[in-house]
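**Student:** Build the full structure now, drawing on both the sequences and the hints.
Residue strings, one per chain:
2 protein chains.
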Amino acid sequence: MDRIKVIEVKEDVLANNDRAAQALRERLHDQGTMLINLMSSPGSGKTTLLSATLDALSDELAIGVMEADVDSDVDAYTVQSHGARAVQLHTGGMCHLDAAMTEQGLRELGTSGLDLVFLENVGNLICPAEFDTGAARKVMILSAPEGHDKPLKYPLMFEVSDLVIVSKMDVAQYFDFSLEELEKNVRLRNPHATILPVSAKTGEGMDAWYEWLRREVRQWRA
Amino acid sequence: MDRIKVIEVKEDVLANNDRAAQALRERLHDQGTMLINLMSSPGSGKTTLLSATLDALSDELAIGVMEADVDSDVDAYTVQSHGARAVQLHTGGMCHLDAAMTEQGLRELGTSGLDLVFLENVGNLICPAEFDTGAARKVMILSAPEGHDKPLKYPLMFEVSDLVIVSKMDVAQYFDFSLEELEKNVRLRNPHATILPVSAKTGEGMDAWYEWLRREVRQWRA
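Taken in sequence, the protein lines are chains A and B. In case it helps, this note's numbering puts the first sequence at residues 109 to 330. In case it helps, this note's numbering puts the second sequence at residues 109 to 330.
No wet-lab data here; the hints were simulated from the structure. The beta carbon of each residue, even a glycine, is placed where N, CA and C say it ideally should be. Keep in mind that the hints are not guaranteed to be accurate.
[As the list claims (entries may be wrong)] When the alpha-carbon atoms are kept at most 27 Å apart in a straight line, the in silico DSSO-like pairs for lysine-lysine are as follows:
| # | chain 1 | residue 1 | chain 2 | residue 2 |
| --- | --- | --- | --- | --- |
| 1 | A | K309 | A | K292 |
| 2 | B | K309 | B | K292 |
| 3 | A | K292 | B | K292 |
| 4 | A | K309 | B | K292 |
| 5 | B | K309 | A | K309 |
[Stated by the list, open to error] Not close to chain A: a few residues of chain B, all C-beta gaps over 10 Å, as computed:
| # | residue |
| --- | --- |
| 6 | P150 |
| 7 | G151 |
| 8 | R245 |
| 9 | E291 |
| 10 | L304 |
[To be verified] A short, non-exhaustive set of chain A residues, derived as facing chain B with CB atoms under 7 Å:
| # | residue |
| --- | --- |
| 11 | L233 |
| 12 | I234 |
| 13 | P263 |
| 14 | R326 |
**Tutor:** In structure tokens, the structure reads:
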């Protein structure tokens with residue numbers, strides 16, 4: 109087979125917002141609020157997972173949600189109906205949130221008294237991985253229908269994530285999807301990430317996700 | 109229910125590359141090569157659709173493929189094995205291609221004698237919609253598992269597309285997916301786009317896609 113030509117067309121448009129992110133993270137740590145940056149492709153089931161999580165944990169943790177989208181506010185209404193304090197962030201066409209945008213959102217949300225805030229980032233496997241938002245933990249969701257090859261094609265997202273949730277496991281059988289292959293591909297990029305297969309629909313694996321959240325909140329506040 | 113706060117965090121980072129794109133489009137028109145900008149989320153089945161298309165049409169059309177990814181070159185090898193002249197474009201973390209990057213790719217591919225070139229854009233529903241690459245037609249793929257609400261959340265992608273291919277229709281029944289709802293949501297943003305439900309796996313709808321391609325190539329060269 110002919111060797112494929114690979115052409116680098118790199119351009120550098122990434123602003124350095126690391127200092128702002130670090131200051132925000134320290135401030136949230138001091139007040140005992142854990143911010144989770146939740147990232148995924150469009151349609152991976154972020155909002156469905158969050159809704160189930162709110163139903164399960166709202167009695168024990170005070171939870172806020174910032175929904176980021178280029179447009180619409182349907183997701184914020186959904187999570188609000190599950191009992192979360194919620195705001196909608198519009199990015200105006202931007203494909204990610206940076207630390208300044210996150211801070212602006214947190215100010216509007218009001219973090220006082222919150223144990224846990226989810227930032228539901230823009231549906232995208234590229235840009236959100238590149239910007240530190242000031243979150244304590246990065247969690248990504250890969251839905252089984254997207255395929256187990258995704259760590260090869262979106263390596264940075266898998267590199268930066270503390271937890272990889274594999275969603276829609278109830279339908280994995282209808283796709284050419286292998287959890288074992290996925291785990292191998294994740295490990296190529298990230299030896300440490302926890303990998304949790306779940307189905308928000310059947311409840312499979314959800315208890316492990318709730319346990320992960322409880323433990324991380326405890327450790328963050330310790 | 110409380111009214112959700114909506115905060116605009118718009119930033120303008122989009123360069124104007126419209127002139128370069130228009131010049132490229134005219135040059136391709138003069139030489140009788142139709143460039144198609146193929147856009148979608150990660151894991152929507154772009155490469156599978158392209159492979160089937162190459163198998164079906166390579167005898168009647170000379171087809172080239174540019175695979176754009178932030179990393180990896182697995183897709184370029186796949187389409188090459190289906191008989192296409194292929195190059196891999198690495199965007200170095202960028203979430204889209206602009207006209208200059210596309211032109212660079214075309215130069216490396218070599219368009220002489222090609223009837224049709226597919227640019228398989230980076231898997232992303234946001235950035236690629238914002239940049240004119242110089243393509244004659246914009247085609248987007250939405251896979252049924254992603255959900256029929258996506259035109260509400262990624263409106264620009266649906267606004268700019270000439271054709272919306274709905275892929276993985278063979279598994280649509282396992283998801284909360286309604287083709288009728290999708291069509292309604294697309295129409296809110298785009299009254300003209302053709303909508304084609306397909307399954308590259310079962311072959312459902314693929315003939316309509318091939319007919320669309322044949323007709324558009326004929327019209328482009330007329």
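**Student:** If a hint holds in the structure, say so; if it doesn't, say that too.
**Tutor:** Comparing the hints with the structure gives:
1. K309/A with K292/A: Measuring from Cα to Cα gives roughly 26 Å; hence the hint holds.
2. K309/B with K292/B: Answer holds: K309/B to K292/B is near 26 Å, not above 27 Å.
3. K292/A with K292/B: Violated - the C-alpha atoms of K292/B and K292/A are around 41 Å apart, more than 27 Å.
4. K309/A with K292/B: 26 Å, holds
5. K309/B with K309/A: 26 Å, holds
6. P150: Contrary to the label, P150/B does not stay out of reach of chain A, its closest Cβ about 5 Å off (not over 10 Å).
7. G151: Not fine: 3 Å to the nearest Cβ puts G151/B too close to chain A.
8. R245: 22 Å, holds
9. E291: 17 Å, holds
10. L304: Given that every Cβ of chain A is farther than 10 Å from that of L304/B, nearest at about 19 Å, it holds.
11. L233: This interface hint holds because 5 Å falls under the 7 Å limit.
12. I234: 4 Å, holds
13. P263: 5 Å, holds
14. R326: At 30 Å from the nearest chain B Cβ, R326/A fails the 7 Å test, so the hint is violated.
Checked against the numbered hints listed earlier, the structure breaks hints 3, 6, 7 and 14; every other hint is satisfied.
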